[in-house]
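First to last, the protein sequences are chains B and V. Be aware that the first sequence starts at 1, since it is given in my numbering, and climbs by one per residue. Be aware that the second sequence starts at 1, since it is given in my numbering, and climbs by one per residue.
Honestly, I wouldn't trust all of these hints.
As the list claims (entries may be wrong) - One-sided excerpt, in silico: chain B residues whose CB lies under 10 Å from chain V:
{"no.": "1", "residue": "ASP69"}
{"no.": "2", "residue": "ALA98"}
{"no.": "3", "residue": "LEU196"}
Claimed, not checked - With a cut-off of at most 27 Å between alpha-carbon atoms, the simulated DSS-like pairs for lysine-lysine come out as follows:
{"no.": "4", "chain 1": "V", "residue 1": "LYS188", "chain 2": "V", "residue 2": "LYS249"}
{"no.": "5", "chain 1": "V", "residue 1": "LYS317", "chain 2": "B", "residue 2": "LYS201"}
{"no.": "6", "chain 1": "B", "residue 1": "LYS201", "chain 2": "B", "residue 2": "LYS73"}
{"no.": "7", "chain 1": "V", "residue 1": "LYS48", "chain 2": "B", "residue 2": "LYS222"}
Because the hints were derived from the structure by calculation, they are not lab data. Ideal placement from N, C-alpha and C gives every residue a C-beta, glycine not left out.
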Amino acid sequence: MTRPRLGFFKFSCCAGCEFQTFYFQKHPAETLAAFEIVFAKMVLRGGAPEGPFDLALVEGTITEAWQADELKKIRKSSALLFAIGACAVNGGIPALKALAPELEVEGKVYKNLSPIHSIRPHPVDAYIQVDGYIRGCPPGERDLHEALTSVLAQKKPGFLRCAVCVECKLKGNICILTAYGMPCMGPVTNAGCDALCPTCKRPCYSCFGLMKQANAPALAKKFRSLGLSESDIRRKFTLFDADAALFSKADKLNED
Amino acid sequence: MKIDIDYIARVEGEGSVKLEIAGGKLKSLKLNIWEPPRFFEGFMAGRKFDEAPDIVARICGICPVAHMVTSIRAIEKAIGFVPSDEIVRIRRIMSLSQIMASHVVHLYVLALPDYHRLGMITGLDAEIRRLLRMKEVLNGVTAAFGGRALHPVAMVVGGFTKLPARDTVGKLISGLEGIRGDAQDTLKMIAGFDTPLLEPETEHVALSGDASSGVIISDCGLRTDEDAYGNAFEESELSYSNAKRTVVKGRGSLMVGALSRLNLNLDTLHPTARAAAREHGFAPPVKNPFMNNTAQAIEIIHCIEECITLLDALTGKEHFVRPALREGTGSAVTEAPRGLLYHHYELNRKGVVEKADIVTPTAHNVLSLEEALHKLARENLDLPRDELVLQCEMLVRAYDPCFSCSVH
Numbered sequence: 001m002t003r004p005r006l007g008f009f010k011f012s013c014c015a016g017c018e019f020q021t022f023y024f025q026k027h028p029a030e031t032l033a034a035f036e037i038v039f040a041k042m043v044l045r046g047g048a049p050e051g052p053f054d055l056a057l058v059e060g061t062i063t064e065a066w067q068a069d070e071l072k073k074i075r076k077s078s079a080l081l082f083a084i085g086a087c088a089v090n091g092g093i094p095a096l097k098a099l100a101p102e103l104e105v106e107g108k109v110y111k112n113l114s115p116i117h118s119i120r121p122h123p124v125d126a127y128i129q130v131d132g133y134i135r136g137c138p139p140g141e142r143d144l145h146e147a148l149t150s151v152l153a154q155k156k157p158g159f160l161r162c163a164v165c166v167e168c169k170l171k172g173n174i175c176i177l178t179a180y181g182m183p184c185m186g187p188v189t190n191a192g193c194d195a196l197c198p199t200c201k202r203p204c205y206s207c208f209g210l211m212k213q214a215n216a217p218a219l220a221k222k223f224r225s226l227g228l229s230e231s232d233i234r235r236k237f238t239l240f241d242a243d244a245a246l247f248s249k250a251d252k253l254n255e256d
Numbered sequence: 001m002k003i004d005i006d007y008i009a010r011v012e013g014e015g016s017v018k019l020e021i022a023g024g025k026l027k028s029l030k031l032n033i034w035e036p037p038r039f040f041e042g043f044m045a046g047r048k049f050d051e052a053p054d055i056v057a058r059i060c061g062i063c064p065v066a067h068m069v070t071s072i073r074a075i076e077k078a079i080g081f082v083p084s085d086e087i088v089r090i091r092r093i094m095s096l097s098q099i100m101a102s103h104v105v106h107l108y109v110l111a112l113p114d115y116h117r118l119g120m121i122t123g124l125d126a127e128i129r130r131l132l133r134m135k136e137v138l139n140g141v142t143a144a145f146g147g148r149a150l151h152p153v154a155m156v157v158g159g160f161t162k163l164p165a166r167d168t169v170g171k172l173i174s175g176l177e178g179i180r181g182d183a184q185d186t187l188k189m190i191a192g193f194d195t196p197l198l199e200p201e202t203e204h205v206a207l208s209g210d211a212s213s214g215v216i217i218s219d220c221g222l223r224t225d226e227d228a229y230g231n232a233f234e235e236s237e238l239s240y241s242n243a244k245r246t247v248v249k250g251r252g253s254l255m256v257g258a259l260s261r262l263n264l265n266l267d268t269l270h271p272t273a274r275a276a277a278r279e280h281g282f283a284p285p286v287k288n289p290f291m292n293n294t295a296q297a298i299e300i301i302h303c304i305e306e307c308i309t310l311l312d313a314l315t316g317k318e319h320f321v322r323p324a325l326r327e328g329t330g331s332a333v334t335e336a337p338r339g340l341l342y343h344h345y346e347l348n349r350k351g352v353v354e355k356a357d358i359v360t361p362t363a364h365n366v367l368s369l370e371e372a373l374h375k376l377a378r379e380n381l382d383l384p385r386d387e388l389v390l391q392c393e394m395l396v397r398a399y400d401p402c403f404s405c406s407v408h
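One chain only, chain B, in its complex shape (with noise of 0.2 Å):
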């Protein structure tokens, strides 16, 4: 059997992903074995950037033109794209950059900004259509394990669709919310960390993005009864989803 055609593809962002995927995880040799790894530039000299891919895995948010254009060009040479990370599925921290002017952020980095070609930083899918989302700063070995053996598989992966404290509960965890006043955000993220900065009695601080048809505004309420100021609770929604519309929901109810 030819084993499928990987390529890794690299964005804006701290390249993690990358690592987390080739050396991170406990059962790289197997995994990665069954895939001929035909571009990634961390781990591999040379390859074959135009594919074609049977998977690309793409992390890092997209913040320069011409990543977007590569980034169409990987999709018509791929049969399955992931976007990998926060970055990619959220935006994730280089999407911070949008919560101010951009000139005024620039600007106090580079004091001459004419080789500076930033555009407005933005998740993968806001370019192009992607086939599944493999969430997390770094991403969870649990999604990150049945990614790949799903396309392995050849069937649809599973992704965890739930919050972070259905997670944090099934681990038998007391809820630091409720019981401790801690700022978690455990209720409106998503699961895949196996619950970890609970367990580790820390609040969650959202890594894995906000999921979907999270009651944001909800938890923007228990925050402000903690005693959390406007701009704290604004700071809270927006560390890893600074590009989400979901977050504005959370804003509009800050308001009244």
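Place chain V on chain B using the hints.
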């Protein structure tokens, strides 16, 4: 003739080298780091002090711990919080685990394939097994104290939100003891490769022996405190690269990282590491940047021992104190896997970051690397094109650059 190495594979981030050769002479050489800027220093303004370590971790997928430890140190200085000795020790354990893990990834996955003239590590089964054995133990140390190995969560301003149980610490120690042989084998393997001769002039800079001293020294007599960093170093922007370039004020290029640390502090290393260095003929001053690989392998031997000693001494008592807020400014310099890392923050009385400044190891190294590439190319123009390209790439990889960090 123009040689354009579009992207240098097997390094962290994105950069290229462009050479122009005319009439048998090197006309120009440019290291262009085209990694897109993410503007961390720009969007950090307006964020809360306790978010800062979690944000800066995302500068780098290989050395998040280094960024976290440095930002926490700077922020705690800004608010006048003094961590307990135990907390300082655990942070050092975190840093050591990161330095080792980063070196292991660099030596095996990034550098090694070149010496076998391979595109990637696949096929070198014994080496892959050794890499995975070491990586699993080292990730285990970072994860035990940080919650997870990549972008840890339990390390915060004020200490650690949770500590591992005593028997976990015991397991970490026996894990580290178990990879002592692998570390020796790694050094043997690296020291056994032929290294191209190259001795560029540059200033080697590192923290003085005590890693938490914040005192920066060099082989040209520099001695300065982390608070006076700005008086000793200068950063400038380049038209052809997104990474800024740092020099020692009034002098020029500098090199940071394992080679510089060993050149300046070899006598402070653990006896086994010193013995290993002697055995493989590593005697400072070592000017050849290709020897940075050997230096990293020696450091792994040392870090295992230092890490075991620190783990042994843990009391497991107080690990978190909620810090009180005040307005302030703080600077910190630490040794990241790739060398000197500088973080500086200005906080207002609500604990909101007003200004952030970050200078990474690769920003410190970039001019030295460009100069070394220049020298390497000048001295090897007669090589076949493919071989010259490979040598240039191997030199870039020997510096172990992190272009993502350098641009941030």
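Hint check, B/LEU196 versus chain V [nearest Cβ-Cβ separation less than 10 Å]
holds (5 Å)
Are the Cα atoms of V/LYS317 and B/LYS201 separated by 27 Å or less?
holds (16 Å)
What's the verdict on V/LYS188 and V/LYS249, does the C-alpha distance respect the 27 Å limit or exceed it?
violated (38 Å)
Identify whether the interface hint at B/ASP69 stands, where standing means a beta carbon of chain V within less than 10 Å of its own.
violated (14 Å)
Is B/LYS201 within 27 Å of B/LYS73, Cα to Cα?
violated (44 Å)
Using the nearest Cβ pair, does B/ALA98 come within less than 10 Å of chain V?
The hint holds - B/ALA98 has a Cβ within 10 Å of chain V, the shortest such distance being about 9 Å.
V/LYS48 and B/LYS222: Cα distance at most 27 Å?
Roughly 20 Å separates the two Cα atoms, so the pair holds.
Violation of the numbered hints given earlier is confined to hints 1, 4, 6; the remaining hints are satisfied by the structure.
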